[in-house]
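Sequence order for the protein chains is A and B. Residues 1 to 458 (the working numbering) are what the first sequence spells out, left to right. Residues 459 to 916 (the working numbering) are what the second sequence spells out, left to right.
No lab work stands behind these hints, which were simulated from the structure alone. A virtual CB, placed ideally from N, CA and C, is assigned to each residue, including glycine. There is no bait here: all hints are sound.
If you want the footprint, here are the derived chain B segments under chain A, 3+ residues with CB under 8 Å:
1) 489-501
2) 871-882
Under the rule of at most 30 Å between Cα atoms (straight-line distance), these lysine-lysine pairs were calculated in the BS3-like manner:
3) A/Lys-360 with A/Lys-173
4) A/Lys-456 with B/Lys-737
5) A/Lys-279 with B/Lys-875
Partial list, derived from the structure: chain A residues whose beta carbon lies under 7 Å from chain B:
6) Pro-2
7) Asp-10
8) Glu-39
9) Phe-62
10) Arg-397
11) Tyr-413
2 protein chains.
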Amino acid sequence: MPSTPKGTRDFLPDVVRKRNYIFGTIRQVFEKYGYQPIETPAMENLETLTGKYGEEGDRLIFKILQRDQKLQKALRAALNDGEQYDGKLPEKDLADIALRYDLTVPFARFVVQHQNELSFPFRRYQIQPVWRADRPQKGRYREFFQCDADVVGTDSLRCEVEYCQIFDEVFTKLDLPVEIRLNNRKLLAALAEYIGEKDRLVQMTIAIDKLDKMPLEKVLEDLRCQEFPEDSLEKLKSFLEVTAKDFSNGELLDEVSRLLGESEEGIKGVEELRFILEKVESLGLDSAKVVLDLSLARGLNYYTGAIFEVRPLTENQVGSICGGGRYDDLTGIFGMKGMSGVGISFGADRIYDLLEAEGKFPEKETEGTKLLFVNFGETEADYCHEQLVKIRNAGIRAELYPDSAKMKKQMKYANDKQIPYVALVGENEMEGGTLTVKEMTSGEQLNMNVDELIKKLS
Amino acid sequence: MPSTPKGTRDFLPDVVRKRNYIFGTIRQVFEKYGYQPIETPAMENLETLTGKYGEEGDRLIFKILQRDQKLQKALRAALNDGEQYDGKLPEKDLADIALRYDLTVPFARFVVQHQNELSFPFRRYQIQPVWRADRPQKGRYREFFQCDADVVGTDSLRCEVEYCQIFDEVFTKLDLPVEIRLNNRKLLAALAEYIGEKDRLVQMTIAIDKLDKMPLEKVLEDLRCQEFPEDSLEKLKSFLEVTAKDFSNGELLDEVSRLLGESEEGIKGVEELRFILEKVESLGLDSAKVVLDLSLARGLNYYTGAIFEVRPLTENQVGSICGGGRYDDLTGIFGMKGMSGVGISFGADRIYDLLEAEGKFPEKETEGTKLLFVNFGETEADYCHEQLVKIRNAGIRAELYPDSAKMKKQMKYANDKQIPYVALVGENEMEGGTLTVKEMTSGEQLNMNVDELIKKLS
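Chain A with its partners taken away, still in its complex shape (with noise of 0.2 Å):
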């Protein structure tokens, strides 16, 4: 029996119609706020990949292999000198192309080749295939999309605003509740400073991540561990006890600042935050809620400033839906320096997943085939096609089984189908031009003309 490959998956039509809706809902949302669709291809320049991602990262980027004479070649060059093959044939040679490992390196790259077609800022979204040659697990795919928009050559805070709309537009239409965690780099970057380690910045990051899953003394175990003194340990315990408190946002920024106000990264984090929740709030959300969180890192080593996270207020829990972050210079790897940008991305398997767990994918969203004629033999198939013609000019999605098959088999692909409704239509009907319709859940027939049933399906 032949399969897919390890750790991709073929997508059945009910699955495919549950995506596109996914997506469709998020690609309407960020057209209606000024984003527009890119693509790139799957495959990008070895180059323009390796070095982006960490050693971790470039190990699991797929490479396309050479052909031909060039791959002749290089085995070759590498074999032939007579000695033993010693395990260092550069891959290198073997692959000068590779699929790319996420959107936003490939944006980058955009950004910077086609710099004087676009004009800036550049909002763009993008819902593509991504592949990593990732171990397999649950959740967890070899091929998956990633659905995100980005703005770069702006450093207003109105973008991080727009994002917190973004959010609230797409999980109110998805019919999720969400909260929206916010944070700010600089913070984590004053915290540091205010504990005395503004050099172990990450490790401290790294660790306070974590607070969402361990208690508080289990987070400080780690950093002693990592020889973090004691009085710094005090410190951050301290700040953390703090501002885990139940404040309102507002209380909290207070707080802060006055615990690092002394900085001035701590005073910029403070003054950016409190931008955009008063904007947002005075703005209003229909149904998000925006926390502070301050223990939020997300790939810190690449955000400057604002950091989003999205989690669902659901009782089936599946982690972070949404990322996101503002980073100071996106395109310096190619060589084009100070575009600044802000940029999100959506989840959507888990969104998927949560969304099935919940039940929340609407019946009207997610059909296929309205309407199936049953097929009695030629000449009531040559009736049943006349009235299609005109089921189809009215947008109505409807088929007629094309052979005359037994009525159980045909009634049986109706039910698998899941088609709402069926057509039968024997004798006479043919004399009275009209049709028997059936509607497949109550099992109740009724017997109409087809003008009737247009509008009954419309």
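Chain B: place on chain A using the hints.
Frame of chain A, contents of chain B only:
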């Protein structure tokens, strides 16, 4: 300057929108005829793909390089036998997965793998990229989208009838006049029999398939070089001359029936074509013409019944823009016998080029942001941001320029992004609770409140 790999393309927003207009139109029609979306992974196991596309095709498959130990093991195994490298390292050891080359083989694999989850006849469509390591040239890329519909598990010729309706509906919607050319493999077989060259069906067909590009004498000369005897060529010539006359489809079928009526296959082929043509005519098409073309072959080795091709009737000539046909044994390669089907494929890149050349992309379907608020400063921006909420709630795509940059820069941004309306809000507007709206093409400026604006833009 970084770039995309050879033969691949970035798509900028304007192009993505236009492509999505094409895909969306086709998708909508497919769905109306009961076709359901599926998606398969970009990668397939190499063994799924090899041997399916002929030697030339196999050479063009992009393979994914093995990683880590598996790669090292493959190299060591082949090379550490102390001998000179003999160029015989099997590529198979270097790669066991590859990028799909088309959507047909993955679909066959899908049907076999999921046979117990599907209900037959199974109608699916699939719009996804494929990859071929072809030499790039004008209009030929290494990554391109295929856009296929197939139905498997039925012999009914009503499927062929509906494909004519689908072609018609898609190109009517796209406002492209086309002709649907139709043939049947059985007639080609009968013709080969008629000229006494039953065993050289393929050579004969390849030759006459060129009749739209070269004169009859040249085609016959080709066959003469392949040692077709003179009396065969004489018979072929008279057949092609007769059938090239200005017949109606019905008359042509009568003629063919007279000439090939002694062959069982000939009779069957005429019957099938007559059924399709009669049904299509009685159901009626909106704009497409259906034309019998007895020289049409398209991948003859594959098709067993009807053969389709769609050509534009525009001044801009781009060759065929769709193809398709019936096959008797799609899934036999994966051990599942007797699965007859028929499928069609739209050539999205050519359709794109044609719509562009003919100026047929509708502005409304491909436009982006509708309204830009110019940013004159924080106070004005606050006011604008509030209006934006109302405007977006009405479903209108609108944005605020994020920084209070120079007016000229902001207007250039609106121009570059082809935003048709710009809102200007200064002190007067804020006092009066209004907006000044500039129509970019006419330059006309009007003062109105936000409700009036929403009405204007909806």
